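Visitor: Sequences listed follow chains A, B and C, in order.
Reading the first sequence from the start, the letters are residues 1 to 138 in our numbering.
Reading the second sequence from the start, the letters are residues 1 to 138 in our numbering.
Reading the third sequence from the start, the letters are residues 1 to 138 in our numbering.
Worth flagging that the hints you see were computed from the coordinates, not collected in a lab.
Warning: the hint list may mix true and false statements.
Note that the list lumps identical chains together, so a pair holds whenever it fits in one copy or between two copies.
Okay, derived cross-link-like pairs now, DSSO-like style, lysine-lysine, Cα gap no bigger than 30 Å in a straight line [what the hints assert, rightly or not]:
| hint | residue 1 | residue 2 |
| --- | --- | --- |
| 1 | Lys-2 | Lys-31 |
| 2 | Lys-127 | Lys-106 |
| 3 | Lys-31 | Lys-106 |
| 4 | Lys-69 | Lys-2 |
| 5 | Lys-106 | Lys-2 |
| 6 | Lys-106 | Lys-69 |
| 7 | Lys-69 | Lys-31 |
| 8 | Lys-127 | Lys-31 |
| 9 | Lys-127 | Lys-69 |
On a predicted model such as this, the values are computed, not experimentally measured, just so you know.
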Amino acid sequence: MKTFTDYLWFNTATRQEFVRITDEVSAIVRKSGITDGMVLVSAMHITSGVYVNDWEDGLIHDFQVWLEKLAPSGLDYRHHRTGEDNADAHLKRTLMGHQVMLPITKGALDLGPWEQVFYAEFDGQRKKRVVVKVMGLP
Amino acid sequence: MKTFTDYLWFNTATRQEFVRITDEVSAIVRKSGITDGMVLVSAMHITSGVYVNDWEDGLIHDFQVWLEKLAPSGLDYRHHRTGEDNADAHLKRTLMGHQVMLPITKGALDLGPWEQVFYAEFDGQRKKRVVVKVMGLP
Amino acid sequence: MKTFTDYLWFNTATRQEFVRITDEVSAIVRKSGITDGMVLVSAMHITSGVYVNDWEDGLIHDFQVWLEKLAPSGLDYRHHRTGEDNADAHLKRTLMGHQVMLPITKGALDLGPWEQVFYAEFDGQRKKRVVVKVMGLP
Chain A
1 MKTFTDYLWF
11 NTATRQEFVR
21 ITDEVSAIVR
31 KSGITDGMVL
41 VSAMHITSGV
51 YVNDWEDGLI
61 HDFQVWLEKL
71 APSGLDYRHH
81 RTGEDNADAH
91 LKRTLMGHQV
101 MLPITKGALD
111 LGPWEQVFYA
121 EFDGQRKKRV
131 VVKVMGLP
Chain B
1 MKTFTDYLWF
11 NTATRQEFVR
21 ITDEVSAIVR
31 KSGITDGMVL
41 VSAMHITSGV
51 YVNDWEDGLI
61 HDFQVWLEKL
71 APSGLDYRHH
81 RTGEDNADAH
91 LKRTLMGHQV
101 MLPITKGALD
111 LGPWEQVFYA
121 EFDGQRKKRV
131 VVKVMGLP
Chain C
1 MKTFTDYLWF
11 NTATRQEFVR
21 ITDEVSAIVR
31 KSGITDGMVL
41 VSAMHITSGV
51 YVNDWEDGLI
61 HDFQVWLEKL
71 APSGLDYRHH
81 RTGEDNADAH
91 LKRTLMGHQV
101 MLPITKGALD
111 LGPWEQVFYA
121 EFDGQRKKRV
131 VVKVMGLP
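Modelling step: build the complete structure from the supplied sequences, incorporating the hints.
Guide: So this is what it looks like as structure tokens:
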């Protein structure tokens with residue numbers, strides 16, 4: 001059994017942005033030399049998420065409209081008394097999830113036909129990180 | 001350390017349906033010969049989920065009513081411009097979660113007294129798949 | 001490769017309570033002797049959750065207000081026909097998530113600067129349990 005750890009860095013141009021990272025995660029899995037096991041992809045900041053869903057711009061728009069409806073920005077959140085203005089980002093990332101575990105089989109990500117991995121930024125325009133840890137058999 | 005991979009197939013009679021899969025996952029764990037470790041149970045399609053909660057029909061009904069309230073079908077979703085009509089299924093599966101990791105201890109799923117594993121279908125009536133990957137010590 | 005399993009017990013003074021458990025999980029990781037791998041932290045009861053977010057009382061208050069809005073208590077849930085009165089607790093724990101997988105690197109939890117692990121109790125005042133399973137290299 002072996003493990004392999006890497007990190008992806010993000011600094012998005014806009015405050016909220018969803019970035020497809022399937023290829024970057026695949027590349028780390030290849031580099032790991034692990035052919036059967038699992039890879040954890042987990043946001044290391046608490047205002048961003050990682051999720052698996054469709055690579056379709058319309059749906060990404062729908063997700064963002066929906067998140068704003070369920071977890072609106074601009075409310076009088078108590079968290080904002082600390083000087084922060086991003087309480088909604090904490091809630092939105094909770095709805096999307098902040099990590100996924102992807103199976104690795106026969107040397108590659110074992111994903112369904114439409115599964116794509118995304119990084120979901122809700123408070124961007126600064127450097128943030130995702131940990132990618134692979135564990136399994138060479 | 002060893003790994004073992006299997007798949008569960010579903011083709012539900014109705015569009016939305018929750019199916020208990022605790023026994024199927026347990027059977028795969030037994031077949032794997034792994035007695036201590038973890039098993040990942042993850043939907044491979046992006047309009048279905050996997051979750052752990054109560055095996056009680058009333059609560060399953062409550063979940064479905066609640067999901068329809070938070071992520072309604074029939075809205076003018078942008079995803080539907082692609083010809084799809086299932087944007088709500090993508091949102092609902094996000095709320096329920098699409099995967100769980102179950103601990104295996106002393107040769108069996110290490111679950112609490114009421115924990116049951118469910119497959120949550122939100123766009124069924126066609127063949128869909130769940131990956132079950134076991135990793136641990138024999 | 002080795003594994004190590006432990007359990008955390010809770011009996012909260014109030015029905016709903018969020019408890020920081022980062023230090024308890026770290027202590028189990030140290031005790032495990034595993035220096036590179038992953039640790040699963042998962043609620044074994046279906047009315048409580050485990051999540052990663054900010055250790056800030058204002059935000060915890062915001063989470064609780066928000067959960068009550070999205071998954072209100074006191075509605076006429078069908079689950080209550082069984083004699084239970086906690087359907088909202090099942091929904092709230094679904095929103096927060098019931099488990100996290102934390103990476104272990106160089107002998108410690110590999111967390112971002114603000115990541116803290118919490119136990120989220122939604123139906124407390126009785127004994128409940130969280131499983132902590134570590135897997136990886138010594």
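Visitor: Confirm or reject each hint.
Guide: Consistency of the hints with the structure:
1. For the identical chains of this complex, Lys-2 and Lys-31 are neighbours both inside a copy (12 Å) and across copies (21 Å), given an alpha-carbon limit of 30 Å.
2. Within a single copy, Lys-127 and Lys-106 get their C-alpha atoms only as close as 34 Å, which misses the 30 Å cut-off; across copies the closest is 23 Å, which meets it.
3. In this assembly of identical chains, the alpha carbons of Lys-31 and Lys-106 lie at most 30 Å apart whether taken from the same copy (14 Å) or from different copies (20 Å).
4. Proximity of Lys-69 to Lys-2 under the C-alpha cut-off of 30 Å is found in neither arrangement, the shortest distances being 43 Å within a copy and 45 Å between copies.
5. In this assembly of identical chains, Lys-106 and Lys-2 lie within 30 Å of each other by CA distance both inside one copy and across copies; the values are 16 Å within and 14 Å between.
6. In this homomeric assembly, Lys-106 and Lys-69 never come within 30 Å of each other (Cα to Cα): the closest approach is 41 Å inside a single copy and 41 Å across copies.
7. In this assembly of identical chains, the alpha carbons of Lys-69 and Lys-31 never lie at most 30 Å apart, being 40 Å within a copy and 44 Å across copies at closest.
8. Taking the closest pair of Cα atoms, Lys-127 and Lys-31 come within 30 Å of each other only inside a single copy of the chain (24 Å); across copies the shortest separation is 33 Å, beyond that limit.
9. Taking identical chains as interchangeable, the C-alpha atoms of Lys-127 and Lys-69 lie at most 30 Å apart only when both belong to the same chain, with a minimum of 27 Å there against 33 Å between chains.
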